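Top to bottom, those sequences are chains H and X.
So the first sequence is numbered by this note's numbering: it starts at 1 and just counts up by one.
So the second sequence is numbered by this note's numbering: it starts at 1 and just counts up by one.
Fair warning: there could be bad hints in the mix.
Stated by the list, open to error - Residues of chain X placed beyond 10 Å of chain H at every Cβ, according to the derived structure:
{"#": "1", "residue": "140"}
{"#": "2", "residue": "226"}
{"#": "3", "residue": "235"}
{"#": "4", "residue": "315"}
Claimed, not checked - In silico DSS-like cross-links for lysine-lysine, where the CA-CA straight-line distance does not exceed 30 Å:
{"#": "5", "chain 1": "X", "residue 1": "118", "chain 2": "H", "residue 2": "184"}
{"#": "6", "chain 1": "H", "residue 1": "149", "chain 2": "X", "residue 2": "210"}
{"#": "7", "chain 1": "X", "residue 1": "247", "chain 2": "H", "residue 2": "195"}
{"#": "8", "chain 1": "H", "residue 1": "148", "chain 2": "X", "residue 2": "190"}
{"#": "9", "chain 1": "X", "residue 1": "235", "chain 2": "H", "residue 2": "184"}
{"#": "10", "chain 1": "X", "residue 1": "190", "chain 2": "H", "residue 2": "145"}
{"#": "11", "chain 1": "H", "residue 1": "195", "chain 2": "X", "residue 2": "235"}
{"#": "12", "chain 1": "X", "residue 1": "141", "chain 2": "H", "residue 2": "99"}
{"#": "13", "chain 1": "X", "residue 1": "210", "chain 2": "H", "residue 2": "135"}
{"#": "14", "chain 1": "H", "residue 1": "163", "chain 2": "X", "residue 2": "118"}
{"#": "15", "chain 1": "X", "residue 1": "141", "chain 2": "H", "residue 2": "148"}
{"#": "16", "chain 1": "H", "residue 1": "184", "chain 2": "X", "residue 2": "122"}
{"#": "17", "chain 1": "H", "residue 1": "99", "chain 2": "X", "residue 2": "323"}
{"#": "18", "chain 1": "X", "residue 1": "323", "chain 2": "H", "residue 2": "149"}
{"#": "19", "chain 1": "H", "residue 1": "135", "chain 2": "X", "residue 2": "118"}
{"#": "20", "chain 1": "X", "residue 1": "247", "chain 2": "H", "residue 2": "163"}
{"#": "21", "chain 1": "H", "residue 1": "108", "chain 2": "X", "residue 2": "141"}
{"#": "22", "chain 1": "H", "residue 1": "135", "chain 2": "X", "residue 2": "190"}
{"#": "23", "chain 1": "H", "residue 1": "108", "chain 2": "X", "residue 2": "323"}
{"#": "24", "chain 1": "X", "residue 1": "247", "chain 2": "X", "residue 2": "118"}
{"#": "25", "chain 1": "H", "residue 1": "163", "chain 2": "X", "residue 2": "141"}
{"#": "26", "chain 1": "X", "residue 1": "141", "chain 2": "H", "residue 2": "145"}
{"#": "27", "chain 1": "H", "residue 1": "163", "chain 2": "X", "residue 2": "323"}
{"#": "28", "chain 1": "H", "residue 1": "195", "chain 2": "X", "residue 2": "141"}
{"#": "29", "chain 1": "H", "residue 1": "149", "chain 2": "X", "residue 2": "141"}
Note that these hints are calculated values from the structure, not bench results.
This one's a predicted model, so the numbers in the text were calculated from it and none came from an experiment.
We put the beta carbon where it would ideally sit given N, CA and C, even for glycine.
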Amino acid sequence: MRRTPILAIALSSLLVAGAVLAADPAPAQPGTAKVGFIFATTSAALRESPNAGSKELGRIPSGARLVYRRIVEPGPSWYRVEPPGGAPGWISAKDTSDKRPGAVASSKPIPVEDSGVGLAKSSSSQTAAARGLSKAAVEYAADRKTLKKSADEFVTLEHVVEKQFGDPHDSEGNYPDVDVPGRKEHATTFLEGVK
Amino acid sequence: MISAGFSRRQARFARLLPLALIRRATQAAAAFFLLAALPGCAILRAAATGGDVVAATKDSVDARGAAIDAITGDEERAVGQATAIAVIAAYGGLVLDQELVEYVNEVGNAVARQGERKVRRKTGEARIASRRIFVGVLDDKRINAFGLPGGYVLVTRGLLENLQSESELAWVLGHEMAHCDYEHGLAALKTQMGTGAFVKGSTKTGIADKAVFGRIADWYADFIVTRGFDKKAEKDADALGLEYSTKAGYDALGAWRVLTILDVAEKADAAATAKKDASHESPVVRYGHLRAAIGAKKGLGTMGAVRYDESCLRKLEAYSVAKAP
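Bound conformation, chain H alone:
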């Protein structure tokens, strides 16, 4: 009995997933499965069934990203969608777009660092080690010319994570073989923010 709600959810979701094949949404080619996402372009009604007269389950804020798994044809005129963190329902296609409305959030690109791979051999290993790349990985990347860009991006990523968790490497490019206690505290603080 304890598992009944889970099975109910699982079965109803199976129904939704299976219906993807059955309904075959219009944007997809015949015979292909289609699951995707759309955005509400206005404060739109989420309805119990795909018609304007059905019960309104709630309002979806403009800009909300909605995962759809089923579309009523012909059309598509109605999408069965899952709003963020909410129960599924139906939204009229006229209230949606494949692009999020409004201003796009700003991106903060991380400047890519030079890993040291590809520098003169005398300084390459030293530079890369100082940036967190082990000697063996430096030599591996240096011997394969196409990996220079990837090596640069990799050390850039490592530096961001190091700064985030206060977790520096040593002068040889290695990390001490210990668990870092500060990371546990970091995790606790972060998890308090999830809803």
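Once you've looked at the hints, dock chain X against the given chain H.
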């Protein structure tokens, strides 16, 4: 046989439902199972040739730990770093957005902190004490994720764009960290080392030798991208990933939602379908392994949906706009 019908428990539950709903659910489930029986894209995919990887059961952990004891923590990380660089090159580079990188690493760290290294010495201490996770986002539309030695985890933007909540991301990252904790990669590597393939023509045989290391990293990058771990390793990582994510407080149904996404994606991926792999367990079978553990938790699997949208999805959109010519 998979599509033959419901389990006894499902059948009992089905008796509680109106007839019309049973009919609809049966039709839908049949379609779902048919879809799921097909092989699919490479996400967390099992390997055709990975049967020789030592299973990561409790009983075998000590034996395997002893077998790979020669690989040090520094060497493990070096293999992870070199392999990550090769995978990054094969998958279009990294998405380097400050807030996105920090967010996926926060989730990864929060989940990874719930676990521990599973491979231990006979004295009981962890073979390698270091336990870190570095999460990178590959700028690739394909749906995939990789857990590399040393805690280097790479997920594609294609996967992130198809998720809807932090619960789903938490299970994916927990699964990949589980591969690291079980040292599945090192076990596969050790097996391959036993064939002598890496030392052929070398006067030195250790992993510290430059030529040997290069062959190891090349082999491992190819292994993880084109084959991956065996069914047993994936099953163990699924379960441990679920343990990590739920211990962190995330909804267990996040795992189920990811498997549903993979299932539909597999169907849509004609190229992957062409690479039918008999040893590949479908997402539905994998869900079957997890069903009891998932059933012990309740929820919609969408925990953290708002934060995921703000911190991940919107950042990916912004990155795409900034990158566009």
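task = Identify every previously stated hint that the structure contradicts and give their numbers, smallest first.
result = 4
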